Amino acid sequence: MKTFTYATARSPESAVELVRDRGRYIAGGIDLLGEMKDGLVAPGVLVNVKNIPGTSDIAREGDRWTIGANATLAALASHVALRESLPGLAEAAEEVGSPQMRNVATVGGNLAQHSRCWYYRHPDVECLKNGGKRCYARGGNTKYHSLFSGCMCLSPCTSNLAVMLSALEARIVVQRGAKSVTMPIAKLYDASWREARAQNSLEADDLILHVEVPVARGLRNTYLQMAEKSAFDWALVSCAAAARIKDGKLHGVRVALGCIAPIPWLVEEANEFLEGKVPSDENASRVADIILRDAETDAHNAYKVPLAYALIRRAITRLSA
Amino acid sequence: MKDPIEPQAQSSNFPSAPHGFTRRAFLKGLGTSAISAATLGAETTAKALADVNAERVHGPGAVPVTLSVNGGTMTFQLEPRTTLLEALRLHAGLTGPKEACDRASCGSCTVLLGDDPVYACSMLAIEAHGAPITTIEGLAQSGELTKLQQAFVDKDGLQCGFCTPGMVMTLTALLRKNPHPSETEVRHAISGNLCRCGSQPRIVAAALTASGTEVADRLTIIHPHEHALA
Amino acid sequence: MPWPSNTRYLGKSTPRAEAPAKVTGRAKFTTDVAPHGMLFGAILRSKWPAANIRSVNVEKARAAPGIRAAFAMRNGAFTVRYAGEEIAAVAGISRDAVLDALELIEVDAEPLPFVVNELEAIKEGAPRVMPDQPNLGEGRAKVTGDVDAGFAASAAVVEGEYGTQIEIHHPMEPHGHVTQWDGDELTAWSSTQAVFGVRGALAENLNIPQSKVRVICEHMGGGFGSKFGPGVEGIVCARLAQIAGAPVRLILSRREQALAVGNRPSSFQTIKIGADASGKITAFELKAFGTPGHATGVDGGGGSGGAGFPAPYIYTVPAIRVQQGSVAVNAGASCAMRAPGHPVASVGMEGALDDLAAKLGMDPVEIRLKNDPSEIRRREYEIGAERFGWKEKFRKPGSSPGPVKIGVGCAGAAWMSGGRGTQAEAQINSDGTVEVRVGTQDLGTGSRTVVQVVAAEILGIDIGLITVRIGDSRFPPSGGSGGSQTTASVSPAILDTCENVLAELKQISGIEDPRGEHWLEACRKIGQAPLIVRGKWKEGFSNTGACGVQFAEVEVDTETGFVKLRKILAVQDCGTVVNKLTCESQINGGVIMGIGYALYEQRIMDDRTGVVLNPNLETYKLPGVVDIPEIDILLLDMPERGVIGVGEPCTIPSASAIANAVANALGVRVGSLPITPDKVLAGFRSAKT
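Protein chains in written order, with this note's numbering: chain X, 1 to 321; chain H, 1001 to 1230; chain S, 2001 to 2689.
Check the hints yourself; a few may be wrong.
Quick look at which bits of chain H chain S covers, simulated, 3 or more residues with Cβ under 8 Å [as the list claims (entries may be wrong)]:
hint, segment
1, 1105-1117
2, 1121-1130
List of simulated lysine-lysine pairs, BS3-like, C-alpha gap at most 27 Å [what the hints assert, rightly or not]:
hint, chain 1, residue 1, chain 2, residue 2
3, S, Lys2272, X, Lys2
4, X, Lys37, S, Lys2060
5, S, Lys2393, H, Lys1147
6, S, Lys2123, S, Lys2280
7, S, Lys2012, H, Lys1147
8, H, Lys1147, S, Lys2028
9, S, Lys2564, X, Lys229
10, S, Lys2012, X, Lys229
11, S, Lys2028, X, Lys229
12, S, Lys2580, X, Lys229
Just so you know, these hints were derived from the structure itself, not from any lab. Since this is a predicted model, take the numbers as computed values, not measurements. Every residue gets a Cβ at the ideal spot worked out from N, C-alpha and C, and that includes glycine.
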């Protein structure tokens, strides 16, 4: 790691102020320190944002959960009332890394984590995403890469929470300059669809403060992932689904997939298709066809299509369970 | 403020890291919230301002960091880039926590921060400032092994022993929170600890034994009269 | 064998002697050793898979704050042949100072064409790893019998491809040394499997007498075959310490572990095998090559150039044609890894045998009973099959219903084991305490406890009276801990030493049998100066040839490709069991390493950048505790055979048994290890269409 200065912010405003000089925010720090150790980034200052008041709380007010960006994944996974109402979110948090990681890793850090692409992370490879000229995944080894991308970079969004929160239509509250702005979660990632160099849509001094999750009456939600190992491994593909079920029929369905695109992968046509339909295996299969249509595969990542297919079917079946 | 790094109230299970902010931000803070001129005498305000004008952003050179480890406290001069693991191993002389991956991938460096196991390799020492840390050296300080440590010995929950401090710390935290875990709970608790010798079955057995659960024998000797090989 | 039969310690369960030190963090590994004034060392490695290094300038690094030594690996121009090869080294007062200084080293390099994957390297026109020889050395053919006639006369013939990957040792404790000079004498604390091997290699490379080198390894965090010598890093560490005039600690990073300190060679095996209607193998043909990295091209026939393995492994076949080669690639070199060659051979042969059984409509256990020449293994199959419930569990390949398919498989293994040559000494004190000294080392196998058990048993005293000192080249010599030879080499030496102790003690004390209740009385007669007695390995107490078979049960989710292990049963013979507890741990460890080989582990090289894509423990996947199933062990007690090492044989058949179980579940074989979800999905779907 290169040297840096270190400061603790006690308000969103001072955080933004402090981070301006080539800075990065540090919360759990696991992702950031990994990048720094591998020489991918060398921030001049690390701004500890964990002590900003109110940013670690998890609370429900009426039909909305507000989750502080500094809530740890362990806190999220073990919150009894949250698990009852948003089991998918608790499951998504629980599948992240290991217990040691979840004890320090935060909601904000999980959402803002950087690419895990093995070309990007390699200290000796300069890829498109970290300032080089080409994406080595294209035509290289894409085993852990995207099936869809709007740019030359094939690094997928691997944030479990992003996938689940996309299905839940969460909104993200961000400190931007002097004010806080609220955006739909899709906005948090759309830049990485278009821009190979973007990790997400956050500007350098943007700070995630809270996540707001609406809970409609009768909302069901679920999260599933498949990794090579049974635990402590990154998902190969993940799938989140949320819907209301009335008289056995699905309403307001949202199915999102992780690890197959630079953004949580949602296809509106698929969600619309399921509106008012029963969560049968046949409907789930047809939705999977829609979601995975036009996937761009090669020999290394083609397996993600049948895998995603299976997870979509299982997630939809689980919604009605 | 006596110390340039002052512990502050905790708002989460994170330790209170040394804080620092720019003069502008501080002055803005003065105007808006925590400290107001009304509650502070002019002299105090002057002192607060003097503190602000002093270095509030720490580093990049060494700064004093106080670690509260195994019941004692020690202060070291550390660059902010020093990890908690480096501080413990290289500065505090506590070599129990091991460095095996330095990337939060193996668990050999696991220590307890408060009650929670964390990877010391992937946390800055400055961020652990003031928080209670327990390393493997902090168990059995009286010389008597803990029940879990004794079970590791009896059930052979180790081979080379390099992952052992991390395993013991992770399971210590589990048993404190959940004195009678199921086998599945034990396995998930140590899912972030790798062991290359393949001692996992014996480690699980040790944890269950320490929690008072009977563990079935997995090794059977087939005697000469049974195998009937000359 | 004249080992005692009515025993107090031998063959019972004794907790390892160093366990309390290891569970409290007191145990000092090499990486924990810190002599006063110690510096930190680090190595600059090539980022080029191949390059002419025209010059290396370390001046700026040497002048950097806190740096005390810096040098280039070689004077003048040289060639590097893999990403990770050593270029220069520095030592300084802190890790950060040293890592900062590495970036100040100026390297003028001319990158060269490279090739990092086997199938690319064998192509016409591929860049040559060594300029003066082709990448693929074809070796010599091994032919016995009339192979073509054998196939012609077969009732069934199958031909298939069986591949194994590059596996990396990744011991939890990285490779490393702490070195300290005192005048012309060198002390090295080394994480090693061979203190005497390291001593010899350091002396030779530094051009100093062996008598001036002391190597210490009190505790070490695993080696699995990769820590027999000092490695380049050990020699670099000693040179840095010499230049700096201060002790230096040089511990490799996890990334360096993946690049430069060895691995298990890969294999691409094409096997054709035939049998008569009864299942008796008639002919066997193997065409294979694999890579042991950049350092190859020498094939002495039978693949001895680095990537070879025994074929047709444990089976006796009347007609054999084997052609094995090694292919060079621009990647880190292989070295011994737990049962070198055998798991590779086993995966191919046992896989082919199962495919042959399937074609014949035979039960896999039956075809092994028909063809395995070992009486012990045949008995192990019978005992194991019964315990495992094989008859109830085995179904025709692919016949398990539902999307999640159950399958079972089995495989057998042989390992020569053996071991000799250890010397030892015992110091008997007048208070009855004993210190046994032997220059072996403990990789985690429990060798310290083996010494303790044998000494306590032979002296007939409480084990608590015995302190064992190992891991120091000043102690009586013992060989490297490899080949599963340590227990068989050490135990008889301790027995001999202790018998000599009893003889001397009898003479000194006049007590006919100084064991047991007479021990203290006899020891009191020694007087103030302790009694020191030596002994050495002798014939008749240890043996060669360990046999084992394993059974695996898996479930394969054909929709996600996920393989879940349900159960492994290991049936193993190891002659006289010395310590049941540590023996069980070793077998667990072997099986689990085999699980990693079967399902998770693989070094992945990138064709275009030439780098290892997964030089970490995040994407190089080791089996975790949740992945590991119930492992049952049946140990055949055969005391008359003497002591036989078990560390390697127990890892050989695990991956084959698992691969066979997956093939049995799916009805189609995944052609190469590791059997990851992507391959399962591809294999199963292509078989369906």
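What hints, given by number in increasing order, does this structure fail?
Hints 2, 3, 5, 6, 10, 11, 12 not satisfied by this model.
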